[in-house]
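Each chain, letter by letter, is given below.
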Amino acid sequence: MKAALLGGTKGIGRALGRLLVEKGHDVCLLGRDVDDLERSADDLRIRSAGGRSVSAAHCDLLRSETFAPALDQATEKLGGLDWVIVTAATFAPQEKLESDRALARDLLTTNFTNTILFCEEARERLLARGGGTLCVLSSVSGDRARKPVILYGASKAGLSAYLEGLDHKFRGRGLKTISVKPGFVKTGMTAGLSPPPFAGEPEGVAKDILAAIERGTPALYTPATWRWVMLVMRNLPRFVMRRIEF
Amino acid sequence: MPRPETPQLSGWGRIAVPGREIFSEDLRKLTENATLTRGLGRSYGDSSLPPPGGFEVASTVLADRILAFDETTGSLRAEAGLSLRELIRVFLRRSWFTPVSPGTEYVTLGGMVAADVHGKNHHVEGTFGAHVEELLLRVADGRIVRCSPAVEPDLFWATVGGMGLTGHILEVQFRMKRVPTPWIFEERERFGNVDALIEGLKRSAKDWPFTVGWIDGMARGRSLGRGVLNRGRWAEPSEAPKGAPPPLRRFTVPVDFPNWVLNKWSIHAFNALIYHGHVWTRPRVIHPEIFWYPLDRILRWNRIYGPRGFTQYQCVLPDSAGPSAARRFLDVLMGAGGADSFLCVIKDCSAEGKGMLSFPRPGISIAIDLAVHSGTQRIVDRLNEAVIAEGGRIYLAKDSFTRAEHFRAMEPRLAKWSQVRRRWDPGLSIRSAQSVRVLGDPA
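Heads up: the protein sequence lines correspond to chains D and P, in order.
Numbers given in the numbering used here equal positions in the first sequence, counted from 1, plus 1364.
Numbers given in the numbering used here equal positions in the second sequence, counted from 1, plus 69.
Be careful, since some hints might not be right.
[Claimed, not checked] No farther apart than 27 Å at their CA atoms in a straight line, the calculated lysine-lysine pairs in the DSS-like style are these:
#1 Lys-1571/D / Lys-1387/D
#2 Lys-1387/D / Lys-246/P
#3 Lys-1460/D / Lys-246/P
Read the hints as simulated data drawn from the structure, not as lab findings.
Throw the hints in and build the complete structure from the sequences for me.
Put into structure tokens, the structure is as follows:
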């Protein structure tokens, strides 16, 4: 398949990019830092042993005017477009976001408004081609509001709602939308936090994501244990949530 | 003062100090003003631990991209955090392998350079550093410097085996080796004492690219140092199975074993099993990971030593000390009461590498795992005195207990290395717990 991957230079996206080329897919990496994109593209090219097409195009999640050109370039470089995958997002600790309004605005813009605007560009293009798959990383923290992830969780809750709606409306027309809800995954993004039980590794999460894309699973919890953790969490009464600190 | 909730960091031997790793894919940014970088933390002692008061070490493990590979020469360039395990996963099925491998694949390229690792093929290929073409370092003043055997050679050879103290290793470029198949042809031979085992190692070195000996650390008297010699080569296409070796199932030691699990009797039983068990193994073609990394199949095997932790003592006894040096060393070891070890490995080393502090030199290398207890310092002191008397030296990547005065006595090369280090880092801003302990760096 021909996949555009936004956020493939780091963390889960890096692991997913590697898995995609190893499984025989063509990849166009989208991201902000062009030099860094090229280094990641080289990594993928060497891993694919020259067998797959790997390219890169500039796309900045903080600047929505870059979205359409980035997707057009990706389509051109790939010679088509089957999958659009978004693993990019911003994270910051709640305390930091509470004291830094500019940071809070950037996080909300990146994770909610602009991710959705990017998806809208992708939706149009995939539908125009007769369908495809849009796979976006949301988060378990969008399932239930918790003290340490209020703003981040809110941005992801909104994103999850959008992705679900998109899938309801357009699956019949050939556009599958996949909302991935990773639990705690050990990456650079979470490096400052102490990992809870059931923390996942990016390589394992990437495998789950690719399987969900191939099967068309509309909502994926990964690592799988988080489905049950969140089932409990969603059903905890308010007075409990008010007390717990995680 | 460290409170109980202060994060702790340890090497593979699990002797912890207050410390924490910081992570980023962006190694250049992460190493600005860093005291020390650390890879996968497989050095046994305190090589990868912060100096007292240092606390944070920069972890390279998220910087793991392959940057360039030349199919014709095998030259590969990657970020320092790329693990040997991942390298082998990607390249062995394409018939490429690392030129030199230590006994575990849970190491990073940066760590392999810093410790200038050696392996079963030392008698043929030397250390890893001999195959390194170029390094990219962040040096103490903040600059990013390329060095190689031709460019800034002093910095290069001080960094190869320099335990990460000359600069933060950002990128490594080295030559991979072509292999005929990804499988190994292996055979074993048993020897009744250490002299015969060493003789067997030297004899096998002529015809076999990979050799290593395992010693029964419990045998005494006439059987002192009896053991099994393991030798191998890459299998030829005619004898190898079709296809690539499958991923191996791995096991995890789930919890710390209580300290009493490893005792004289259990270790004795284990050693006897290996020594006598060899008769069932004929020459055969085996999975490369079973040959190169038998212990890696058991994840977190360091837990079998329990919460007290353990150390490894590895030294090289030079050829100049004569053929009976190994026997004398084992006698000292038994006398010091340090022999209750379930892992004792022996290997013949060939020519010394160019790394200014590189460990191997022509002679016999012996490595022994020792559970830590109140007498460990005394045992290591006794062993170090014996090694100094033989003109040998120890391997810093394994060490937790060596005293500065003993290390100085073993290392006439130290002055030259320190001179280069100070040229690049006059304030000694890059330090480790080990450099404070062994080199006398300011804490």
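Now the hints, each set against the structure:
Taking the CA atoms of Lys-1571/D and Lys-1387/D, the gap is about 11 Å. The hint holds against a cut of 27 Å. In summary, the hint linking Lys-1387/D to Lys-246/P is supported, as the alpha carbons are separated by about 26 Å, within the 27 Å threshold. Distance hint between Lys-1460/D and Lys-246/P is unfulfilled; the C-alpha atoms sit about 49 Å from each other, more than 27 Å.
In this structure, the one hint that does not hold is number 3.
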